[in-house]
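Please arrange chains B and C on chain A, whose structure you already have, making use of the hints.
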Amino acid sequence: MSDHEKIRELLALSAADALTREEEERVMNHLRTCAGCSAELDNWRLLATGMRRLPTPQPRPQIVERARAQAAVRFAEEAEHRWHRIVMMGVILFAWALTLISWPVVRLLTGGLLGMLDPGLNHAWLGFAIVTTIVWMTGGAAAVFLSLQQRRERSLA
Amino acid sequence: MGLEGEVAQLQRGDLDALSALLGRYQNRLYRYLLRLVREPAEAEDLFQQTWVRVAEKIRQYDSKRNFEAWLFTLARNLAFDHLRRIRPESLDEPIAGMPGESPATRLASAERPVLDGIMERERTGRLAQALELLPVTHREVLTLRFEEEMKLKEIAEVIGMPLSTVKTRLRRALDRLRKTLETNYPGEVWP
Amino acid sequence: MSRFQKELGVIPRIAWIIGVLVYFGLGLLLFTVVLPSDNHMRMWDPSLQFLCSFCIALVLLAYVLLAGYVYGDAKRRGMRYVMWTLLAIFIPDGIGIILYFILRVPMPRPCPGCARDVPSGFVFCPHCGTPLQATCSNCGRGVERGWSNCPHCGTRLPSGGVQPA
Numbered sequence: 589m590s591d592h593e594k595i596r597e598l599l600a601l602s603a604a605d606a607l608t609r610e611e612e613e614r615v616m617n618h619l620r621t622c623a624g625c626s627a628e629l630d631n632w633r634l635l636a637t638g639m640r641r642l643p644t645p646q647p648r649p650q651i652v653e654r655a656r657a658q659a660a661v662r663f664a665e666e667a668e669h670r671w672h673r674i675v676m677m678g679v680i681l682f683a684w685a686l687t688l689i690s691w692p693v694v695r696l697l698t699g700g701l702l703g704m705l706d707p708g709l710n711h712a713w714l715g716f717a718i719v720t721t722i723v724w725m726t727g728g729a730a731a732v733f734l735s736l737q738q739r740r741e742r743s744l745a
Numbered sequence: 005m006g007l008e009g010e011v012a013q014l015q016r017g018d019l020d021a022l023s024a025l026l027g028r029y030q031n032r033l034y035r036y037l038l039r040l041v042r043e044p045a046e047a048e049d050l051f052q053q054t055w056v057r058v059a060e061k062i063r064q065y066d067s068k069r070n071f072e073a074w075l076f077t078l079a080r081n082l083a084f085d086h087l088r089r090i091r092p093e094s095l096d097e098p099i100a101g102m103p104g105e106s107p108a109t110r111l112a113s114a115e116r117p118v119l120d121g122i123m124e125r126e127r128t129g130r131l132a133q134a135l136e137l138l139p140v141t142h143r144e145v146l147t148l149r150f151e152e153e154m155k156l157k158e159i160a161e162v163i164g165m166p167l168s169t170v171k172t173r174l175r176r177a178l179d180r181l182r183k184t185l186e187t188n189y190p191g192e193v194w195p
Numbered sequence: 079m080s081r082f083q084k085e086l087g088v089i090p091r092i093a094w095i096i097g098v099l100v101y102f103g104l105g106l107l108l109f110t111v112v113l114p115s116d117n118h119m120r121m122w123d124p125s126l127q128f129l130c131s132f133c134i135a136l137v138l139l140a141y142v143l144l145a146g147y148v149y150g151d152a153k154r155r156g157m158r159y160v161m162w163t164l165l166a167i168f169i170p171d172g173i174g175i176i177l178y179f180i181l182r183v184p185m186p187r188p189c190p191g192c193a194r195d196v197p198s199g200f201v202f203c204p205h206c207g208t209p210l211q212a213t214c215s216n217c218g219r220g221v222e223r224g225w226s227n228c229p230h231c232g233t234r235l236p237s238g239g240v241q242p243a
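From first to last, the protein sequence lines are chains A, B and C. Be aware that the first sequence starts at 589, since it is given in the numbering used here, and climbs by one per residue. Be aware that the second sequence starts at 5, since it is given in the numbering used here, and climbs by one per residue. Be aware that the third sequence starts at 79, since it is given in the numbering used here, and climbs by one per residue.
Bound conformation, chain A alone:
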C-alpha cells in the first residue's frame, strides 16, 4: 500500500482527533504536499463537526422522575437487606451466648441436685449435652412447623 493510501486511511481518524502524535505528524507532513488529501481531510472535518453538533434528544421529565423514584425504592431495599443481615448475625451470636451460658447455669442448678441423687451422675458434660440436644431438637421442630405454616399461608394469598 502506498504512503498516500496509508494516509487516506488516517484522515477520518484525524478529523476525530483519534490519532497519536506520531500519526498526526505523519498526516500533517503529507498534507503539506498533497492537495487531494487536504480536501479529503476538510470533508471529514465537516462530517465530524456535523456529528458534534447533532441536537441532543432529551428525556421527558416524568421519565427522569420515575427513574429516580424506582432507584430510591431499590436503595431502600438494599439498605433493608444489609440491616437484616446485621440483625441476623447479632441474633445468632446472642443465641450462642445463651447456649454457652446455659451450661454453667445447668451446672449450678443441677450440680447440687444430681449430686444428691447419685454422685456418679454429677457429670457436667453429660448434662450439657443432654440440655443442648433437647434445645436443638425443640428448635428444629419449631422451625419446621413454622415454615410449613408460613408456606401454607403464602400459597393461599
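Read the hints as simulated data drawn from the structure, not as lab findings. Incorrect hints may appear among the rest.
Said to hold, decoys possible - Restraint ranges, calculated between C-beta atoms of paired labels, are given here: (1) C:Gly207 / A:Ile689: 32 to 42 Å; (2) B:Gly6 / A:Glu597: 37 to 47 Å; (3) A:Val732 / C:His230: 19 to 29 Å; (4) C:Gly232 / A:Val732: 26 to 36 Å; (5) C:Leu129 / A:Glu668: 29 to 39 Å; (6) A:Gly678 / B:Asn31: 40 to 50 Å; (7) C:Val111 / B:Gln64: 53 to 63 Å; (8) C:Val201 / A:Ile689: 43 to 53 Å; (9) C:Leu106 / A:Leu714: 45 to 55 Å; (10) C:Val160 / A:Met677: 24 to 34 Å; (11) A:Val732 / C:Leu106: 49 to 59 Å; (12) A:Val732 / B:Asn70: 26 to 36 Å; (13) B:Asp96 / C:Lys153: 52 to 62 Å; (14) B:Gly9 / C:Phe102: 42 to 52 Å.
Computed from a prediction, not measured in an experiment: that's the story for all the values here. Cβ atoms here follow ideal geometry from the backbone N, Cα and C, with glycine treated the same way.
Then chains B and C, alone, in the frame of chain A:
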C-alpha cells in the same frame, strides 16, 4: 459538590446525591441509550432500568474507576441484553468490505422497515437519519466519540474492547456513515 | 436517629421496665446467693464474681428486650404477635428469636392510591382497588417486571414493561 463527592455520598445511601447524579447525566445517558436502541419508548424504559441497576451496584463500584465509564457500561449491558431479546438481527456485524457492494443498498434491503419508519417520524437532520442506518456497534463508537466526547481510552473501557479495536471501529464507522450519506443523499449533504 | 435507635423504639415500654428489674434482680441474686453456693466459684475474686453475675444478667436483659422487640415488630407487621412473642420467649436458647427474624413478613407499604397501609404481598389495595403491582393480562395475578411469562397461567407478557407500578 463534585462528582467524586456525590458518588461517595450515593454509596452511603444519600438520596440527594442520587438526584444530583441524575441531573448531571440524564440527558447524556438518555441520548446514548436512544442511539443504541433507536426507539424512544425503549430508551426511556432502559433509562429507568439503568438507574435501578446503579442503586443495586453502587456499593460494588470501585471508586478508583472512572464513574462515567462504569455508568455507561451498565447502560450498555442493559441495552444490548434488550436488543438481543427483542431484535437480535440488529446486532449482526456488517460483512466487512465485500467488493462492489454498497453498504447503503445492502442496509436498505435488511433495514427497509427502519428507513420507512424514519420517514414517517419526523427526525431532524439527514445526518441523524443516516446514523440510524448504521449497525449498532458503529453508532455506538460514533456517539461516544462525538456526542459524549469520550477519550478513546474511556470508549475502550465502556465497550470492553482494546484501544486498537476502538480506532478501527471508529474509522469503519466514519467510512460507512459517509458512504450512507453519499448514497442516500447524493450531492452536498451536511446539514 | 440511626437505624438501630429507630428499631429500639419498637420495644414496648413495659419490656424495658421488666428488663431493668430482671437485670438488677438476677444480678444481685447471682452475686449474693448462687455463686457463693457453688464450690468452685466461691473461691473466685469477688470482683470477678460480680462481673460474672452481672454479665449473665445482661444476657437475660437482652433476652427480655428481644422478646419485647418481637412483640412490637410482629404487631406493626400485622403478624400474630402474641404467638410469636410466646415462641420467642419459650423456645430455648434464643432459637425462637432467630426463627422470628427469618420468617417475618415485610413491612406494610402505603397504597399509592389512598395512602393507607397495605400488608406486603397484596396485588390490589383492599380499600381502594388500586393495583400495587403489575398484573398478568390473562389471569390477573401479580407478576414482576422483567418476566416474559406469567408464572401462574403461562401467558406471554408484553416485553416493554407490563402495567402500572
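Hint-by-hint comparison with the structure:
Hint check: glycine 207 of chain C to isoleucine 689 of chain A, Cβ distance near 53 Å, so the stated range 32 to 42 Å is violated. At about 40 Å, the CB distance of glycine 6 of chain B to glutamate 597 of chain A agrees with the hint of 37 to 47 Å. Against the hinted window of 19 to 29 Å, the Cβ-Cβ separation of valine 732 of chain A and histidine 230 of chain C comes to about 27 Å, which satisfies the hint. Under the hint 26 to 36 Å, the C-beta atoms of glycine 232 of chain C and valine 732 of chain A, about 32 Å apart, fit the expected range.
At roughly 37 Å, the beta-carbon separation of leucine 129 of chain C and glutamate 668 of chain A lies within the given 29 to 39 Å, and the hint holds. Distance hint for glycine 678 of chain A and asparagine 31 of chain B: a CB-CB separation of about 45 Å, consistent with the stated range 40 to 50 Å. For the hinted restraint 53 to 63 Å between valine 111 of chain C and glutamine 64 of chain B, the CB-CB distance of approximately 55 Å keeps it satisfied. One distance hint, 43 to 53 Å for the beta-carbon pair valine 201 of chain C and isoleucine 689 of chain A, holds here, with the actual separation near 46 Å.
Remark: the range hint 45 to 55 Å for leucine 106 of chain C to leucine 714 of chain A is contradicted by a beta-carbon distance near 31 Å. The hinted range of 24 to 34 Å is satisfied by valine 160 of chain C and methionine 677 of chain A, whose Cβ atoms lie roughly 27 Å apart. A hinted range of 49 to 59 Å for the beta carbons of valine 732 of chain A and leucine 106 of chain C is inconsistent with their spacing of about 40 Å. For valine 732 of chain A and asparagine 70 of chain B, the Cβ-Cβ distance of about 51 Å falls outside the hinted range of 26 to 36 Å, so the restraint is violated.
Take aspartate 96 of chain B and lysine 153 of chain C: their Cβ atoms lie about 59 Å apart, and the range 52 to 62 Å holds. The supplied range of 42 to 52 Å is met by glycine 9 of chain B and phenylalanine 102 of chain C, whose beta-carbon atoms lie about 49 Å from each other.
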